[in-house]
Every structure is written in C-alpha cells, then in structure tokens.
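Could you build all of it, start to finish, from the sequences and the hints given here?
Protein chains in written order, with the numbering used here: chain A, 962 to 1160; chain B, 962 to 1160.
Honestly, I wouldn't trust all of these hints.
Which copy? The list can't say, so a pair holds if one copy fits it or any two copies do.
What the hints assert, rightly or not - Straight-line C-alpha distance at most 30 angstroms; calculated DSS-like pairs for lysine-lysine:
#, residue 1, residue 2
1, Lys1054, Lys1128
2, Lys975, Lys1058
3, Lys1058, Lys1105
4, Lys1101, Lys1138
5, Lys1138, Lys1037
6, Lys1076, Lys1101
7, Lys1101, Lys1139
8, Lys1139, Lys1037
9, Lys975, Lys1139
10, Lys1101, Lys1054
11, Lys1058, Lys1101
12, Lys1105, Lys981
13, Lys1139, Lys1105
14, Lys1101, Lys981
15, Lys1105, Lys1054
16, Lys1058, Lys1037
17, Lys1129, Lys975
18, Lys1101, Lys1133
19, Lys1139, Lys1076
20, Lys1138, Lys981
21, Lys1105, Lys1138
22, Lys1128, Lys1076
Hints are computed from structural coordinates only; laboratory data are not their basis.
In this text the structure is predicted, and so the values were computed from the model without any measurement.
2 protein chains.
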Amino acid sequence: MILRMRTFVIVAHKAVTTPKFSLNDLPGGAGRMDIIARCINASLFLSHDLRRDVDTCAVLLGDPSPPVTIRFNGEKVRYLSPDERSAAALIKKALEKGAPPTGEEESTPGVHISKCSFADVIESLDNIVYLHEDGEDIRKADLKGDEAYVLSDHQNLTPEEEAILEKKGARKVSLGKKLYHADHCIVMVNHELDLREVK
Amino acid sequence: MILRMRTFVIVAHKAVTTPKFSLNDLPGGAGRMDIIARCINASLFLSHDLRRDVDTCAVLLGDPSPPVTIRFNGEKVRYLSPDERSAAALIKKALEKGAPPTGEEESTPGVHISKCSFADVIESLDNIVYLHEDGEDIRKADLKGDEAYVLSDHQNLTPEEEAILEKKGARKVSLGKKLYHADHCIVMVNHELDLREVK
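Structure below.
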C-alpha cells in the first residue's frame, strides 16, 4: 500500500465487512457506515473539485470478516458524489470484489480494498497525528499538511489501538475542548491546513 | 418566527417543495436535498450532543410551490440522527404537514415549516454574515457567535438574493481562498466560534 501526502485513517469499529448491507440503512444494518461515508466526503471534497493530495483509509472492523481496509485516493477516485449513498456504494462494490490474500486491489478507479488491519495501516504511515482533546492546540502545532490523521467512529479507540499509535510515536493534536463527529474533525483539519498553505 | 442565538440560513435553489420525493434519491429527484441534510447535521451536531443554541433555516426554492422554509431548532429538535436520510425524513414530514397561510407550524418537535421567502427570513434576522471568499478573514472578524450565517447550496446566490443581503447590511466574511461545500463551511464557522467561546 503506497500512501502519500495527507492521509486520514478512520477506525470503523462496527462497519460491516460484507457487501450484503442496504444503502437504505447505513446507520443500522451496515454498522454506522454513514459515519464512514461522511468521513470520505469530508476528506476529499472541495466545491466542484476533489482534494487530489488526500488518501482516506477506512478500517472496517465489523462482522463477518474483519479487518478490511478500504482506501479512497483523491487523485484517482471516480464515480464519487458527495452524498452518503455514493461513498457507501463504492465501499459495497469494493466488498463485493473482496480483498486479495496479500496487498490491495482496486475495485473501482481510486478505491482499493485490502485485509490490512489498523496496525498494518499505521505501520505503513509516517507522521501520525492522533486527534484527541488532550493534545496540542492544532493552531499552534507544527504541521506540514502531509501527516496521517487518525480518527475513530462513534466509539473511542480501544486501549490496544491507542497502544499501536503510541508505539509508532503518534502525536496528539487537539481541535478544542468540545467533542466532534469524526467527519467534522476532518473538515477542521483540512481547513487549518488550507489556511497555512496559502500564507 | 422567533430566531435567536446562532442561525444558519441555507438557500436550496432546487430542493423540492413537495413531500413526494424518495429518501433513496436525495441528490437527484429531491433537488440536492442531500446538501440540505448535511447542512442540518453540520450545524446541529456535536459528538453525542446537539448544539442547543443553533437554529438552522433551509429555504427550499424547488418545484412545485416555492418558497418553503423549514427551520430546525437545536434546543427542541427530536428524532434527528446524523445521517442524511434522517434530516431528509424530517423535512419530508414537514412538507407532508404543509405550511400554514401565515406564520410557521411545528411538524415534529423542533422542526417548523412556513411559507417564508429568503427575503422574509433575512428580514427577521439581525447581524447577517454572508460567507463569501472575498470577505474579511473569519479569524480576524469581530464575531460574537449570535450572528446569522447565510450560505448557498451548489449554486451561487442570485444577484437578487445578494441584493437582499446588501440591503440588510450583511457583512461578508471569508473562510479562505478555497471554495467549500456549504456543510463544510458550517463546520468551520461553528469551530471558529467554539474556540472563541472557551478562551
């Protein structure tokens, strides 16, 4: 798996790892797949454009065969619209294709599926930033824009997942004292990095 | 219409004004209702909580009987989940109830429907902020958090709509030089105001 530039990693603790879910019930039967769809939107969309320097990895940990990692590449992705169903439909197609025994496979342009675990994904990345309310203020943090930002879905990261980040030397960076949905956090990170870019 | 505290006003140029749309096709048949659903999410949700000091008004201008304004009140709203279908379902219920000839009516707790036009909504508000790339930098702007922030959907405001804002003395405030989706703009505004609150 080649990951470059800015990366977002979302841990989807309950999102299903079968294509047999309904696009009409993303929050329920699909294990909060709606959150993942919104994170993909938040990470990749500009108005009438895509963020071509962003990779977004969703690590799906729900039944029946976790882990599965779906990677959306902003440079290559096609057939992606901003609505939740669109991102979820591309995830469904990836799950229909299935993950190869090793490495990753492209299911639709710019969308890749693999059996990578959270540990595998983190191991393949550098400059890990764990978004956490106790971290350093994002507006003061030394960020270049090519970091890998790690977020969790509606559940916190487990102690085991936090240990993986700690072992890799992840920095904690904070968006403030309020707690936000993962997709909102991604918008805030992208915005902060956008403002630094144009200065 | 009593509006208080922070308000977001989204102009939905194509969103339908009939309940006869499918929750399975919000971007198409419902006239980009997916954008409005995401704006409601962005304006009202914190992690495991709602922003109780926010009102969000969507001015629907699509066929067959525009204008219709749907107002979500963060303090009172119930049955709202973060996914697009959930907000859209509450809009659908409001449209089923229909707007009264004058004033507004509550369709479900915290959701109100009226025949207010964009001009009516703006007339009822003070401290209007028009989010526009040519405005004053949001990080330097004098904002108290109780402003009414005006955004457009995937189409720009028309010259007539801009004239309504100008007449009311709206200030232009900018989120930067990149162009963003309306829901992402709302997340950025809420974040900026959150950070000021806790200082």
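Checked against the structure, which of the hints given earlier come out wrong?
1, 3, 6, 10, 11, 12, 14, 15, 19 and 20
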